[in-house]
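Protein chains in written order, with my numbering: chain F, 103 to 412; chain U, 103 to 412.
Quick caveat, the hints were computed from the structure, so don't treat them as lab data. Some hints could be false.
One copy or two, either will do: identical chains are not told apart, so a pair holds if it fits within one copy or between any two.
To be verified - In silico DSS-like cross-links for lysine-lysine, where the CA-CA straight-line distance does not exceed 30 Å:
no., residue 1, residue 2
1, K381, K358
2, K405, K125
3, K301, K381
4, K381, K114
5, K225, K273
6, K273, K286
There are 2 protein chains.
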Amino acid sequence: MIDKLIEQIIEKKSPICVGLDTKFDYIPQEFLSHEFSTDALTYAANNIFQYNCALVDAIADIVPAVKVQAAYYEMYGCEGVKAFRDTIRYAKNAGLIVIADVKRNDIGATATAYSSAYIGRTKIGEEELAVFNADFATVNGYLGTDGIAPFVEDCKKYDKGIFVLVKTSNKSSGEIQDLEFEHKTIYNRMADYVQEWGKECIGTYGYSSVGAVIGATYPQQAARIRETHPHIFVLIPGYGAQGGSAEGLLPNFDQKGLGGIVNNSRAILTAYRNEAYVKMPFDKAAREATLAMQRDILDTFDKNGISYDE
Amino acid sequence: MIDKLIEQIIEKKSPICVGLDTKFDYIPQEFLSHEFSTDALTYAANNIFQYNCALVDAIADIVPAVKVQAAYYEMYGCEGVKAFRDTIRYAKNAGLIVIADVKRNDIGATATAYSSAYIGRTKIGEEELAVFNADFATVNGYLGTDGIAPFVEDCKKYDKGIFVLVKTSNKSSGEIQDLEFEHKTIYNRMADYVQEWGKECIGTYGYSSVGAVIGATYPQQAARIRETHPHIFVLIPGYGAQGGSAEGLLPNFDQKGLGGIVNNSRAILTAYRNEAYVKMPFDKAAREATLAMQRDILDTFDKNGISYDE
Numbered sequence: 103m104i105d106k107l108i109e110q111i112i113e114k115k116s117p118i119c120v121g122l123d124t125k126f127d128y129i130p131q132e133f134l135s136h137e138f139s140t141d142a143l144t145y146a147a148n149n150i151f152q153y154n155c156a157l158v159d160a161i162a163d164i165v166p167a168v169k170v171q172a173a174y175y176e177m178y179g180c181e182g183v184k185a186f187r188d189t190i191r192y193a194k195n196a197g198l199i200v201i202a203d204v205k206r207n208d209i210g211a212t213a214t215a216y217s218s219a220y221i222g223r224t225k226i227g228e229e230e231l232a233v234f235n236a237d238f239a240t241v242n243g244y245l246g247t248d249g250i251a252p253f254v255e256d257c258k259k260y261d262k263g264i265f266v267l268v269k270t271s272n273k274s275s276g277e278i279q280d281l282e283f284e285h286k287t288i289y290n291r292m293a294d295y296v297q298e299w300g301k302e303c304i305g306t307y308g309y310s311s312v313g314a315v316i317g318a319t320y321p322q323q324a325a326r327i328r329e330t331h332p333h334i335f336v337l338i339p340g341y342g343a344q345g346g347s348a349e350g351l352l353p354n355f356d357q358k359g360l361g362g363i364v365n366n367s368r369a370i371l372t373a374y375r376n377e378a379y380v381k382m383p384f385d386k387a388a389r390e391a392t393l394a395m396q397r398d399i400l401d402t403f404d405k406n407g408i409s410y411d412e
Numbered sequence: 103m104i105d106k107l108i109e110q111i112i113e114k115k116s117p118i119c120v121g122l123d124t125k126f127d128y129i130p131q132e133f134l135s136h137e138f139s140t141d142a143l144t145y146a147a148n149n150i151f152q153y154n155c156a157l158v159d160a161i162a163d164i165v166p167a168v169k170v171q172a173a174y175y176e177m178y179g180c181e182g183v184k185a186f187r188d189t190i191r192y193a194k195n196a197g198l199i200v201i202a203d204v205k206r207n208d209i210g211a212t213a214t215a216y217s218s219a220y221i222g223r224t225k226i227g228e229e230e231l232a233v234f235n236a237d238f239a240t241v242n243g244y245l246g247t248d249g250i251a252p253f254v255e256d257c258k259k260y261d262k263g264i265f266v267l268v269k270t271s272n273k274s275s276g277e278i279q280d281l282e283f284e285h286k287t288i289y290n291r292m293a294d295y296v297q298e299w300g301k302e303c304i305g306t307y308g309y310s311s312v313g314a315v316i317g318a319t320y321p322q323q324a325a326r327i328r329e330t331h332p333h334i335f336v337l338i339p340g341y342g343a344q345g346g347s348a349e350g351l352l353p354n355f356d357q358k359g360l361g362g363i364v365n366n367s368r369a370i371l372t373a374y375r376n377e378a379y380v381k382m383p384f385d386k387a388a389r390e391a392t393l394a395m396q397r398d399i400l401d402t403f404d405k406n407g408i409s410y411d412e
């Protein structure tokens with residue numbers, strides 16, 4: 103699966119992932135459907151799905167992937183989870199690669215159930231069903247190998263991928279992740295495991311379908327990880343709203359512009375509130391914000407001799 | 103919320119939680135409904151919910167709580183999540199305390215969304231809705247304080263509780279959790295955070311609504327944590343099927359039989375397959391298995407001078 107993602111990145115010259123962290127509050131008033139049913143959760147979920155469809159249509163030709171953040175759907179209950187499922191389907195039908203940002207984690211048998219749900223198959227009698235059927239899922243490795251192995255199995259079996267939390271973008275991520283054991287931080291040790299877990303999933307570009315999450319807010323840490331983990335492909339949150347800059351992304355990338363994909367959620371979803379795009383409809387604004395982000399990254403690549411051209 | 107749980111434990115003399123990790127395969131053939139719809143996920147989810155209801159009816163008077171493991175519902179898609187929601191409602195209506203075993207984790211803003219979903223409220227316009235509305239949720243603290251704080255806020259605001267993963271029951275839990283930083287393991291450091299996060303949520307029995315998950319398979323580690331963390335109430339998985347013994351539970355408990363609640367899932371859910379109960383219907387078998395577990399724990403308490411009587 104990592105090869106498919108990389109091919110789209112090269113083709114579109116766009117190492118960018120749009121995060122569909124769609125809160126109901128983000129949807130502009132004039133886009134809301136007028137038929138307010140008696141059930142607020144259904145109303146919210148339906149509007150979120152419609153909003154996502156318009157956004158997917160607006161950016162499908164300029165980015166390779168979207169990331170759908172489960173929390174913002176689960177907060178609207180079963181109806182929200184249905185919007186999550188339908189958004190994944192819609193984005194895949196539009197040709198996009200879909201990352202289910204679920205950060206799941208549990209002991210072996212239960213991790214198997216989670217993996218079935220998001221990237222694997224669920225058996226019911228003789229039937230085997232792809233349930234949410236994302237291309238990638240994010241996972242949390244605090245429980246160690248037996249909680250991750252079922253996901254890795256499904257990566258191999260169904261040509262899927264995962265991103266394991268290594269160094270997260272938030273302020274307090276260091277409380278646990280930066281602790282050092284024998285001169286090695288926990289996040290670095292987690293990266294060692296990620297490389298080990300993914301060693302049989304390395305594709306033609308040298309990157310594994312078992313990748314890592316490393317925040318754009320921690321470029322020095324990203325550089326340290328990259329030194330000793332050449333095969334890890336990185337999902338990079340924290341650009342924009344959280345303070346990460348294009349310069350700070352560089353440690354993740356090789357000279358061909360490969361090695362990572364940068365997520366942006368809020369600044370794109372709510373671009374229509376940004377002064378620069380304030381007179382545009384939200385989908386046009388989102389597209390312009392995505393193009394501006396692409397220019398920012400490609401300009402920075404260019405200054406540092408990184409290029410997608412052969 | 104921890105006080106309500108403890109009151110039920112004392113009243114029922116039962117520090118036991120039944121885990122509703124209901125896989126479709128666990129349901130005995132003869133209980134399956136005959137109307138096999140064309141949609142396998144709906145069929146599986148409906149049967150799981152009916153099975154759960156029968157189980158809840160069978161054990162509601164002898165245990166204080168059930169734990170509903172999200173993975174085993176998400177694997178059946180939106181229909182499964184509906185069964186998860188309905189199981190929580192049914193168990194609460196039966197007077198049980200419900201732990202949503204979701205192990206959620208994310209950065210602050212997103213953790214807020216997860217907390218809204220499971221123990222807090224979701225705002226839609228002027229409405230504030232309790233969505234899944236469990237009493238407790240399990241969470242993973244790898245991201246540090248800002249990923250946990252929103253849950254703690256909701257614990258205070260809505261009288262709820264959480265259990266943070268500290269030392270999990272699985273074999274490979276030590277890979278990250280047992281690493282040592284300045285002579286303190288990661289799991290012990292996580293326990294320090296748990297105590298800190300929960301210091302404003304301590305109830306009348308001296309335990310906090312912000313508790314920890316510590317596997318029954320690691321009694322020595324539980325003892326070490328208990329020494330320096332007197333206020334942490336412990337959710338203890340791993341008894342039975344995973345190899346934890348009643349003796350091994352003791353470090354978590356004080357002389358009044360308080361300090362923890364022991365989960366058992368598979369050995370109760372599938373008790374009807376156990377030789378001892380093989381001629382019983384599954385719900386009667388589950389009840390007998392729960393009573394046997396209660397005797398095992400209370401006998402061990404008795405031998406060690408622990409009692410629920412004043």
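What are the numbers of the hints the structure violates, in ascending order?
-> Of the numbered hints, 1, 2, 3 do not hold.
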